[in-house]
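J.: Spelled out from the first residue to the last, the chains are:
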Amino acid sequence: MINPIKISPKEMINAYLLFFVIHSMQIGVGIHGFQRIVYQDARHDAWISVLLAGLATHIVAFCMIKTLEVYGSNDLYGIQQDVYGKWIGNFLNAIYILYCFVAFFAVLRNYIEVIQAWIFPGISTWFLSITLLLIVIYAFTGGLRVMVGVSFFSVVFALWILPIIIFPIKYGTVESLFPMLEANISSLLKGAHSMTFTIIGFEILNVIYPYIKDKKNASKYTHLALLATTFVYVSLMLVSISYYSEGNLLKTIWATLTLFSFISFPFIERFEFVAVVFWMLIILPNLCLYLWAAYRGTTRLVKVSGTKFVWIFSLFIFIGTLLVQTRIQINTINNQLGKMAFYIVFVYPIFLYMMTILKKKLTSQKEQKDEEL
Amino acid sequence: MKFKLPFNKKNETPVEIGAPRKDIGMLNPLKNDFVQSIKDATHNPADLIIKDIPPNHLTLIYINNLVDDVTLNDHIISNLQDKPNDTPEVIKATLSIPEINTSTRLEMAIKSLVNGSVLIHLEGYSQVIMANIPKRESRNLSTPENESQVLGAQVGFNESLSTNISLIRRYIVSPDLCNEKFTVGRRTNITVALLYINGIADDQMINTLRQRITDLNIDALLDSAVLAEMIDDNSMSVFPQMLLTERPDRFCDGLLNGKLGIVVDGSSMAIVCPQTFIEFFQSREDQNLRWQLATFARLLRFTAILLSVFLTPIYVGALTFHYEVIPQAFLVPLSESRALVPFPPVIEALLLEFIIELLREAGARLPTKIGQTIGIVGGIVIGTAAVQAGITSNILLIFVALSALASFTTPSYIMGNVIRLIRFPIIILAGYWGFYGIMLAFCFILIHLLRQSSLGAPYMSPFYPPRLKSMADTIIRLPLSLTSKRPEVTRPSDQEKFNPEPVKPDKS
Amino acid sequence: MKNFRFFLILLFLPSMLVGCVETNILDKLGLVTLVGYDVGTEEKMATTSAIREVNPEFQSNVEVITTENETSKGNRMKTNRKLSKKVVVGQMRVILFGEELAKDDIQHYIDAHLENESVSNSVYLAVVEGEMTELLEYEYKNIDDIGQHIYRLLEQNIKQENMISATLHETGHDLYTAGEDIFMPIIKKEEEVVELSGIALFKNSKMVSKIPPEDTFYVKLIAERFKTGTFETILQKEDIPDNLMKNTPNEIPIAFDTIHSKRELKLVNPNTPEFDLKVKIKSRITEIYPDVNLGDPKTVAILQKAISKNLSREISRVIAYSQSVDSDIFAFGEKFRSSVRGSNLTKEKWHELYKDMKVNVEVDFVILRSGVFE
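Chains as they are written, first to last, in the working numbering: chain A, 1 to 373; chain B, 374 to 881; chain C, 882 to 1255.
One should not assume that every hint holds.
[What the hints assert, rightly or not] Pair by pair, the computed Cβ-Cβ distance ranges are: (1) B:746 with A:166: 50 to 56 Å; (2) C:922 with B:767: 29 to 35 Å; (3) B:753 with A:143: 49 to 55 Å.
[As the list claims (entries may be wrong)] Calculated pairs, SDA-like style, for lysine to any residue (alpha carbon to alpha carbon, straight line, at most 25 Å): (4) C:909 with B:705; (5) A:170 with C:1037; (6) C:909 with A:123; (7) A:6 with A:141; (8) A:369 with A:350; (9) C:1159 with A:141.
Please keep in mind that the hints were generated in silico from the structure rather than gathered at the bench. Since this is a predicted model, take the numbers as computed values, not measurements. Ideal Cβ placement from N, Cα and C applies to all residues, glycine included.
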């Protein structure tokens, strides 16, 4: 076991904050329009697909925590270096950093696209990306505690959105949900697979784990957070299926935002305009923590200070947002990220878990042999 | 990113406060030489009195405006006049003055002289007697004007350190009340007292604060507000991280919750720290009201603050970009009231905010009587005229007046000013990018607040890091039985304030 | 390094001011509150819009402008050329379709509005009977703002449940549901007033027929729930049992309000298809002529039965009529789809089945109370 991370207790966070971290990481830009993508495969049983995807997150998170527990106080980067050796380990670390980069980019670019489509058709991309990046940099330089604080407040301040989706229920029909389980298993699984882009984010656990004060509670709060996320997604899916009709949902790009369009209060109408800008607070933790995860990995590969890293990282992201301009390009990136994430987030942790167990057995056998000799 | 003030802490080599700039040395036993050395050291001021009492070869030296005339006449001059020629020890014993010392060092004598002592020099002795009889000029105690409240004590601090400490001691009658003295300011030598309650306050925090005060390398200190800004965790932030209060009860409440207090001589405001963001919006009066009323008052205050910060920006944002969100019922009145206005909403709002701030500033600068007139004249005449002239719309006038009014509900004057100040950048942002700009400002403020700390304690506590128990006394105030614990932000050594069990016997 | 970064941010701030966006200052806008589409005389599409403007005399006035072009955006540009203010559609409340256009096809129009992010999904849709321009451009004596007026007219009647609701969202929803057809209120200029004159029935996106406003009540009973509302019906001779009163009149007009209704729809035979429709109504009798003693439980029971019979006959009539014009506005098809596994229902498939659909109507009418005077 090499490279354990030593962290002073001041930098550590309590396990219950993990709930907010994971929940806020999972909910981001995907929630704007996941309904359509899942619906394409699973039709009106899409909510079952969402449920299945939620179930999968629980299984994967379980494996992740088991793997991390083997090492005590280490993150994915250290584990990979230990399991595969320096070269292969570092190569895999680089891939994971790249993944964080792409995820960060996708979140940022998708949000910019939503703003441009709903509120300011004429606003320039570079302006939005600079302002958002500056906010993220400001949070990042504050350290992990500030970033966790952002994710805490993003969950708390967004709580009021959940009861608001009751409004559209008035216009929903229960019949849209029936007959249940009409879709076959393969299309349900396909639908669950399409949830990847939306439901990822909990892999931050791999990196944040050593920073948790009471590690024995980590799994409890992780699963609670996953449960909460699944609840949010399933309820939103149910509301969407009953609110929209079949053809309607397939044509609505951001079904969640369109849901808000119907909501009006005596003092404000067209609620989606508020919701779209408010989403900035919801994507902030995604951006901050992906950035942070990438930084943690980079420090394993090269020596770099946090501030230097964040400026270089932001510069690349900024150039990226300028290059990707059209909706089609954005969708391609989302799809590619979804595919990449499926292997990195869902398949790989299970594999890694088996590898660590194997390695542990081998080393203990070796030690025994050494002792016998 | 941390910005550091040039005079702030650490990097520079600390210069000991009150250290002699040059060693003047010992006192001269000869009278003339002695007088001359004192004159040299004090640059022979006009109010330096040198008085000989001939029979005993005694010389009295004092600064006229610093000593108390009555005591000087009754207890010193009359006592010394017909006494035989004695040693300094005998004279020291004969004088009925509580604070009396002897020294042979010139530096000590000078320091004592400027503090309000009479130096008594005896021909032939190098020792000098220093009888401290300062004239304590201070205002009478009056009601705290900046932090008035309806229910509760109506006494405020004044500018005298000793009066202030006696007020505090009267609230907390306990030997555990610790009082440490520091002298701050190379030139002014102001006395600063650090107060805390032993057994509640956290030692680490006391050390930090002590360290910060002694590390100060500063020329002059005229008010506690300056001190607060300099020993804040982040002096560059617009948000104060320490509370300035002129209410002894609020100060003592802080001490009893495990906080540390600083009283500066010559300043009517005391510093309380660590202070969290939310505590700036709480008033001592909330404790004196029933919890339902207190909760209502607090919710009112927080709503007012949200309104104050975001109402005008939302108006600007909605009218400049997001006309879609305006409900139909408002549409006609809003657009009609703006029909004559030649400016875009952002300029209109800034102009009006500017006028309101002008009125406030003018009201604060002028004597109270005129100030009131300015408020009324400004409010009514300028407001009405501006609407009639078509410079602003009357709906915005209501919004701006409302948000100005709302900002004055903040119990802390400094925080109230901050609330009014941060509105301006948000209005500009809203004028350029509508709701996106407002949200950008909101996120920035949130992150900024999260980054702050007060004496090392998290500024956003108890919301972040979340402490459910301490939240009982924040935005709302739950009944006393649920708030028996001290807030965790002060890391108190003794957590329980009182036993939450009811003292009343059950009604049966 | 630290200073450098600080200056970098300072440099950013002014550059951000460059990134400002197109403003929509409220008083510089001409707000379209209502838009009416019709078939153009020369070009494909004729658009009449009611635009609210504010002028410096502290008054807002409404302009009604008609243009013709190939697309709705083209029409907006043409309208813009005639106004001093920028024309925007974010505050649009009503979309009207000319009858001729509705009979042609309105799918394109609904899609275009669903696509436009600044148009709210709660816009009301309606069909205009007669000339569109005449309805909108006429200077009514008591109506200042025709756009606002039509919006209030529709809103008030829909909230009171006197008219079926067809918002952009609901219409879009039904248009893309296999087993459902869309419907809209019809409005008409009647001398000096604008009135609701019925419901337009559509097959797919083409208007096929209309039913009178009195039948709205039945449509609502079949399709959804009631929470409030007033209605009158006339009991025909055959409904009235002989023992209700001595001199049975030919008709008994009867009015009731505060209606709570609940419908239960069940598919009993997927092959025909055949439905069981159960409607439960609870209501208060407000008017009945000639006077019937409502204090007598027996009379009440008889009356309830009589009304039930009357209502179920009327409901059957409305269903039969909509079947005859092949427009399923009651969403029987949706029920069919949700009850039959693997139906893969499409609009065409359903319309074939719909013609032969059988519905067994059963009404359960309960009189909760009459007024405060018996």
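J.: Does each hint hold? Answer for all of them.
T.: These are the hints, each one checked on the structure:
1. Checked against the given bound of 50 to 56 Å, the beta carbons of residue 746 of chain B and residue 166 of chain A, roughly 53 Å apart, stay inside it.
2. A C-beta distance of roughly 47 Å is found between residue 922 of chain C and residue 767 of chain B, which places it outside the suggested range of 29 to 35 Å.
3. Between residue 753 of chain B and residue 143 of chain A the C-beta distance comes to about 51 Å, which sits within the given range of 49 to 55 Å.
4. Only pairs whose Cα atoms come within 25 Å are accepted, and residue 909 of chain C paired with residue 705 of chain B is accepted, the gap being roughly 13 Å.
5. For the given pair, residue 170 of chain A sits about 18 Å from residue 1037 of chain C by alpha-carbon distance, which is consistent with the 25 Å threshold.
6. Between residue 909 of chain C and residue 123 of chain A the alpha-carbon distance is near 20 Å, which keeps this suggested pair within the 25 Å criterion.
7. Of the pairs offered as hints, the one joining residue 6 of chain A and residue 141 of chain A holds, with about 20 Å between alpha carbons and a cut-off of 25 Å not exceeded.
8. This hinted pair does not check out: residue 369 of chain A and residue 350 of chain A have alpha carbons roughly 29 Å apart, beyond 25 Å.
9. Restraint check: the Cα-Cα separation between residue 1159 of chain C and residue 141 of chain A comes to about 66 Å, which exceeds 25 Å; the hinted pair is violated.
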